[in-house]
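With the hints as extra help, turn the sequences into a complete structure.
Protein chains in written order, with the working numbering: chain W, 1 to 220; chain L, 1 to 220.
Everything labelled a hint here was simulated from the structure, so no lab data went into it.
Keep in mind that this is a model prediction, so the values were computed, not measured.
You may find that some hints are simply not true.
Which copy is meant is left open, because identical chains are indistinguishable; a pair holds if it fits in one copy or across any two.
Below, computed lysine to any residue pairings styled on SDA-like, alpha-carbon distance capped at 20 Å [to be verified]:
#, residue 1, residue 2
1, Lys91, Gly126
2, Lys58, Thr69
3, Lys176, Leu22
4, Lys91, Glu123
5, Lys186, Arg38
6, Lys176, Ala151
7, Lys91, Val120
8, Lys91, Ala191
9, Lys186, Arg103
10, Lys176, Ser42
11, Lys176, Glu21
12, Lys91, Arg103
13, Lys58, Ala43
14, Lys58, Thr29
15, Lys186, Leu201
16, Lys186, Ala163
17, Lys48, Arg73
18, Lys176, Glu193
2 protein chains.
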Amino acid sequence: MKKVSESTIARLSVYLRLLTELAAAGVTTLASGELARRCGTSAAQVRKDLSFFGTFGKRGLGYSVPELTEALRGILGLERRWRVALIGAGKIGAALMAYQDFRRQGFDIVAVFDADPARVGTEWQGLVIQRDADLETSLQGIDIAIVAVPASAAQGVVNRVVAADVRAILNFAPTKLDVPEHVAVKTVNMALELEGLSYALVNEARGARRVTSRPAASRG
Amino acid sequence: MKKVSESTIARLSVYLRLLTELAAAGVTTLASGELARRCGTSAAQVRKDLSFFGTFGKRGLGYSVPELTEALRGILGLERRWRVALIGAGKIGAALMAYQDFRRQGFDIVAVFDADPARVGTEWQGLVIQRDADLETSLQGIDIAIVAVPASAAQGVVNRVVAADVRAILNFAPTKLDVPEHVAVKTVNMALELEGLSYALVNEARGARRVTSRPAASRG
Numbered sequence: 001m002k003k004v005s006e007s008t009i010a011r012l013s014v015y016l017r018l019l020t021e022l023a024a025a026g027v028t029t030l031a032s033g034e035l036a037r038r039c040g041t042s043a044a045q046v047r048k049d050l051s052f053f054g055t056f057g058k059r060g061l062g063y064s065v066p067e068l069t070e071a072l073r074g075i076l077g078l079e080r081r082w083r084v085a086l087i088g089a090g091k092i093g094a095a096l097m098a099y100q101d102f103r104r105q106g107f108d109i110v111a112v113f114d115a116d117p118a119r120v121g122t123e124w125q126g127l128v129i130q131r132d133a134d135l136e137t138s139l140q141g142i143d144i145a146i147v148a149v150p151a152s153a154a155q156g157v158v159n160r161v162v163a164a165d166v167r168a169i170l171n172f173a174p175t176k177l178d179v180p181e182h183v184a185v186k187t188v189n190m191a192l193e194l195e196g197l198s199y200a201l202v203n204e205a206r207g208a209r210r211v212t213s214r215p216a217a218s219r220g
Numbered sequence: 001m002k003k004v005s006e007s008t009i010a011r012l013s014v015y016l017r018l019l020t021e022l023a024a025a026g027v028t029t030l031a032s033g034e035l036a037r038r039c040g041t042s043a044a045q046v047r048k049d050l051s052f053f054g055t056f057g058k059r060g061l062g063y064s065v066p067e068l069t070e071a072l073r074g075i076l077g078l079e080r081r082w083r084v085a086l087i088g089a090g091k092i093g094a095a096l097m098a099y100q101d102f103r104r105q106g107f108d109i110v111a112v113f114d115a116d117p118a119r120v121g122t123e124w125q126g127l128v129i130q131r132d133a134d135l136e137t138s139l140q141g142i143d144i145a146i147v148a149v150p151a152s153a154a155q156g157v158v159n160r161v162v163a164a165d166v167r168a169i170l171n172f173a174p175t176k177l178d179v180p181e182h183v184a185v186k187t188v189n190m191a192l193e194l195e196g197l198s199y200a201l202v203n204e205a206r207g208a209r210r211v212t213s214r215p216a217a218s219r220g
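As structure tokens, then:
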């Protein structure tokens, strides 16, 4: 099988979200063109994305909403529940704990760790904070680790997460992480997203295409 | 000028972050191969990314760290400060207010809005919460709006943000937003990132490539 790109997987998530909404509204079939339009892509792209995983839909009739929903849930690993550990009981961590959508989609935050000895043993967001010094042993049975620690601490934490045989990491630290190839990492970097916006404001949204006349600023 | 891809812009942010660290450590020049290696990409990619914006570096000598830093800051729109409004004074909003990196990089959250009348007028994270009912007028002078409201409220908020002539939006609501072409939107969707991880756990990390034998689940 061809390696499936991250952007295909992201679109599958978007398709699934739309299908879930439509199912709630009582829609039972959907043309690929309509699915594409409502997800901001093309029908050809939808068909290509799905083609990696089998044959879906019926020519002229479109997709069965419940069948495609079920297939996408299977592809995305959402037919089971996942045990998630949160490392770093700070404000980002608190926001994640409060984020109802996680639980709704099968991701249960079942353990929380922090480096601050004063906080270890205290209750926080319904869980007791554990010490993060011995993650290697305390992450047994955890599927996904959320790393919400300062950038300077992140790689050290991640090394211990990997040693605990956790193979999926959601990283909120603004730093690049080195992990073995069998470990999947997704980084949520809000500063980087903001820089994408300031880039757009300076270079595109103003319509001036200023950079075309930028001199070779640092030659020599 | 060729349209610069979002992934190029994201890599420029990563390059800048590395250069800033190296400058703090006293490094003054850097080979493109070393920049590439430490950012997890190739030297050819680094050169291609930079080529959109001019000619940088000197053959055999590499890049001047301070000059490339300054050029990247200019390209990314980080040589000035940006006025940011936060819409939605919830937990995600609180995490963002506490995120020191935003201010350090030139993004000042100068106003906060909420739909809850009981909260309007109260102090929150050092700002007074304003009512979000008249965003069209109260967003004067704002460069970037952060939308941290429930999915069902997001498009309505965004319509008013656009009417206020704000041209950059950082969206935390798990929904697709319709905006005019001159408005830049970045969405931070943590549920989607988690689904990318569960996909990896089911389909890749276990090494079984299970999907190759998946039947055509919803044909017919």
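Hints and how they fare:
Proximity of Lys91 to Gly126 under the C-alpha cut-off of 20 Å is found in both arrangements, the shortest distances being 15 Å within a copy and 16 Å between copies. Taking the closest pair of Cα atoms, Lys58 and Thr69 come within 20 Å of each other only inside a single copy of the chain (15 Å); across copies the shortest separation is 54 Å, beyond that limit. For a Cα distance limit of 20 Å, the shortest separation of Lys176 from Leu22 across copies, 14 Å, qualifies, whereas the shortest one inside one copy, 38 Å, does not. In this assembly of identical chains, Lys91 and Glu123 lie within 20 Å of each other by CA distance both inside one copy and across copies; the values are 15 Å within and 18 Å between.
In the homo-oligomer, the alpha carbons of Lys186 and Arg38 lie at most 20 Å apart only across protomers (18 Å), although the nearest pairing inside one protomer, at 26 Å, exceeds that limit. In this assembly of identical chains, Lys176 and Ala151 lie within 20 Å of each other by CA distance solely inside one copy; the values are 9 Å within and 30 Å between copies. Proximity of Lys91 and Val120 under a CA criterion of 20 Å is satisfied intra-copy only: 16 Å inside one chain copy versus 22 Å between copies. In this assembly of identical chains, the alpha carbons of Lys91 and Ala191 lie at most 20 Å apart whether taken from the same copy (16 Å) or from different copies (18 Å).
Within a single copy, Lys186 and Arg103 get their C-alpha atoms as close as 19 Å, which meets the 20 Å cut-off; across copies the closest is 24 Å, which misses it. Proximity of Lys176 to Ser42 under the C-alpha cut-off of 20 Å is restricted to the inter-copy arrangement: shortest distance 15 Å between copies versus 33 Å within a copy. Proximity of Lys176 and Glu21 under a CA criterion of 20 Å is satisfied inter-copy only: 12 Å between copies versus 35 Å inside one chain copy. For the identical chains of this complex, Lys91 and Arg103 are neighbours both inside a copy (19 Å) and across copies (16 Å), given an alpha-carbon limit of 20 Å.
With identical chains, the CA atoms of Lys58 and Ala43 are at most 20 Å apart within one copy only, with a shortest distance of 14 Å there and 46 Å across copies. Proximity of Lys58 and Thr29 under a CA criterion of 20 Å is satisfied intra-copy only: 10 Å inside one chain copy versus 59 Å between copies. For the homomeric pair Lys186 and Leu201, the shortest alpha-carbon distance between copies (12 Å) is at most 20 Å, but the shortest distance inside one copy (26 Å) is not. For a Cα distance limit of 20 Å, the shortest separation of Lys186 from Ala163 inside one copy, 18 Å, qualifies, whereas the shortest one across copies, 34 Å, does not.
With identical chains, the CA atoms of Lys48 and Arg73 are at most 20 Å apart within one copy only, with a shortest distance of 18 Å there and 38 Å across copies. Taking identical chains as interchangeable, the C-alpha atoms of Lys176 and Glu193 lie at most 20 Å apart whether they share a chain (15 Å) or sit on different chains (16 Å).
Comparing the model with each earlier hint shows no violations; every hint is respected.
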